[in-house]
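**Q** Sequence:
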Amino acid sequence: MRDKTEQILAAAAAAFIKKGFQATTQEIAKEADVAEITLFRKFSTKQNLFITVMKKVLETQFDAKLMKLAEEENTEVFLKEVINNRLDVLSENAPMVRMLISESLMGNLTEELQLPEIIFNSIKKALDHHFQRKEIPVDTELCARQLGGIFLSYIILPNDRPYHNLKTEEKNALLERYTKSVLSML
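The sequence shown begins at 38 in the numbering used here and counts up by one.
Hints should not be assumed to be uniformly reliable.
Below are the DSS-like pairs computed for lysine-lysine, each with C-alpha atoms no more than 27 Å apart in a straight line [stated by the list, open to error]:
#	residue 1	residue 2
1	K162	K93
2	K102	K92
3	K204	K105
4	K41	K92
5	K161	K92
6	K105	K93
7	K92	K171
Rather than coming from a laboratory, the hints here were simulated on the basis of the structure.
Note that the structure is a prediction, hence the values are computed from the model and not measured.
Produce the complete structure using the sequences and hints provided.
**A** Encoded structure:
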């Protein structure tokens, strides 16, 4: 019998993004083309499956990329790259982001899956690293909150088009405005 873990994780991700934690194990098993008991043998509970799926998605989308961007010497370039990268990732994954925020507000998520905290902590960590390397004293908590507000508001509040669908010149104009806003408070 071959391992069906990746098949289950892909089906669970799709189901959870669509329905949040209300997705049933029956729906996930059907989508993964496995018996429901297989889900429980591999993950023991729906909560464990949900946490595994969301952590995998979040780990691939956050921290590592921001820490690499933090190596940029020029602060303005660094901030533009961070803003562009986060808006792109969040925009491309808007259904999952909205679902995680919704589940978080309903109290259905563990501490390790609180998306606003994950966003804030990964941004603050990258900002700390960037400004410590440059030996510039900056209130990175305030800066991370401002950036987090930009990111979450772009996903939650209405927009004409998702960020990842904007033309390059539209993205550049938006990035310029956001970057100036953040730089003005440093």
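**Q** Determine for every hint whether it applies to the structure shown.
**A** Now the hints, each set against the structure:
no., hint, result
1, K162 x K93, "19 Å, holds"
2, K102 x K92, "16 Å, holds"
3, K204 x K105, "25 Å, holds"
4, K41 x K92, "19 Å, holds"
5, K161 x K92, "19 Å, holds"
6, K105 x K93, "19 Å, holds"
7, K92 x K171, "32 Å, violated"
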